[in-house]
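Top line first, the protein sequences correspond to chains G and C. If you count the first sequence from 1, you need to add 4 to reach my numbering. If you count the second sequence from 1, you need to add 597 to reach my numbering.
If you're looking for bench data, these hints aren't it; they were derived computationally from the structure. Be aware that one or more of the hints could be misleading.
To be verified - Below, simulated DSBU-like cross-link-like pairs (lysine-lysine); rule was C-alpha separation at most 30 Å, straight line:
hint, chain 1, residue 1, chain 2, residue 2
1, C, 746, G, 175
2, C, 807, C, 797
3, G, 175, C, 742
Claimed, not checked - Not everything, but these chain G residues come out facing chain C in the computed CB check (under 8 Å):
hint, residue
4, 8
5, 198
6, 201
This one's a predicted model, so the numbers in the text were calculated from it and none came from an experiment. A virtual CB, placed ideally from N, CA and C, is assigned to each residue, including glycine.
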Amino acid sequence: MTERLRRIDILLIAGAFLLLLPFLKFQRTTDYIIFCVFVLSFDLIYGYMGRLSFGHMLFLGSGAYSVTLFAEHVSPNPFLSVLFAIVAAAAVGALLGPVVVRTTGAAFALINLAFNQVGHFLVLIAFARYTGGEDGMSAVFSKTGFLDFQDKRVLFGFCLACLLLTCWGMKRLTRSPFGILLRMIKENETRVKFLGYDTFRYKWAAYAISAGVAGFSGALSILNYGYVTPSFIDTNRNVEVIFASLIGGAGSIYGSLVGGVVFMAISNYLPTYIPRWEMFLGFGLLLLVFRFRMGIWGALSALEAFRPRREGEGG
Amino acid sequence: MPEEIILETRGVTKRFDGFAAVSGVNYRLREGESAGIIGPNGAGKTTFFNLLTGMFPPTEGTVLYRGADITRIPAHGRVGRGIVRTFQLVSVFDSLTVRENLVLALIRAGKEHAVSARFFLEDAWSGNLPDLSAGALGTVGLREKALWKTSELSYGDKRKLEIALALCLRPSVLLLDEPFAGLSDVEIVEVLELIHRVRKDFTLVIIEHKISRIVDLVSRLSVMHEGKLIAEGEPAEVLADPLVRQVYWGRP
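Please model the complete structure; the sequences and the hints are all you need to start from.
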């Protein structure tokens, strides 16, 4: 992508999602947008920091349940509820971070999965009185001023604005010294310690930020669906975000967006033509892992017409 | 003039599963000197460096920096005190550009790395870092390659980049672990020349197993063998030591 296009990337992203509207309905496009926020949150710890988690749904679920419970018990104001959900999910991340970020590789992936399982159990059984257990619960938000989120067009606009805000924030974060630090940790954490940095603190921060953004996407999902069920914290759904990140290309904001949209399109439309579509997704993933590690965005960036990977983006 | 001891070990020992890689080493480094540590492969030189720089704590013994006990201070804390090292296998960040490698070292030396909004949100290249990194790269002769991807550099250039990385941290003690390993003859001359040029700014310790390369560079030589310090002194004196000759050449 040329430097000039890069400078107006936020506008281009907005335009791309508006172009999707004629093909999808408002609610579905909103769904795509929200999923992209989730992929972006995942990419911070996977693509940039190099830690693969099998339990990121925990934070999406934390946001989803927080927004619902806040709306029910404290205030039905959607803005306050979403804000609370972000803080709550980030707090869960900050709480678990000191245990989780000490690990790498398989241990990191599995310890996240374990905590995700615990979270799933808590909402499904232990706190079923408050969460509605298996049935879940509906979330009702009030109308604030001229914004009525019952109107799918308004919600679409709001969620698109949220995605653009997330993209902007992620761009700032990943191009800052902190972003470079995360990519250094991905490549050689020991070496970073010998540059005088207590890597633990920064990994912890990244983990909590990622959790907060994941919670953001969970909260937006509830605005879109109007109810929360344990499927929002289901460990089985962790593969979705991992697939999306691999398809689009990890370690890049644009890659995350491409991956999010392409994965959603595949999972929405492939099942209508192919009954056992997961198997083909599996084959596709094998291809990605063995031949196409950089994903769609990575492959596009490598083409002649595009500049090679530039500063400020992960590899 | 009394010479201040900047770095000191007292009876440091490091055992791995019962095997003593470093055994009861007492070592003193005087401020401003250039010291060499030599010894055959497997003598425990790198393990000793790891103990000095905080890669891991010793099994026994203490490490002191300007008289203060730093035995339990981790690597990043020692860097904050000015103890900086390079690695035997050159250790830079291949996935970054050449100048991106230097950003964090420059910020660390600027003492403003603590939790600040700037560190998290400001574009790394918006302030004076482009100039600072260009200056540091100029010192080692890599200014033209600032925007290269590091993986495209030759091994020798990566070694120079790693030295630039160390210099950016403004060391008070710089420890170089076999800085000539894996370099071509031309590159060795370049790196030697580079070290000669910058070494007056700090106390220097070099590990090397080819004695000839550092004899001119250092004023004091220590010899390690099987985890122990077996000789110490001026280079000529040490090389004449029968025990050292026995270890190195198999004859006194």
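Taking the least C-beta to C-beta distance, is residue 8 of chain G closer than 8 Å to chain C?
This interface hint is violated because 17 Å lies over the 8 Å limit.
Answer holds if the nearest beta-carbon of chain C is closer than 8 Å to that of residue 201 of chain G; otherwise answer violated.
holds (6 Å)
Distance restraint between residue 175 of chain G and residue 742 of chain C, which requires alpha-carbon spacing of 30 Å or less
holds (25 Å)
Report holds or violated for the interface hint on residue 198 of chain G, using the least CB-CB distance to chain C and a cut-off of 8 Å.
With Cβ-Cβ at 5 Å, under 8 Å, it holds.
Given the hinted pair residue 746 of chain C and residue 175 of chain G, is their alpha-carbon gap at most 30 Å?
holds (21 Å)
Holds or violated: residue 807 of chain C and residue 797 of chain C, Cα atoms, limit 30 Å.
Holds, because 23 Å separates the two Cα atoms, which is no more than 30 Å.
Hint check: a violation occurs at hint 4 only; the rest are consistent with the structure.
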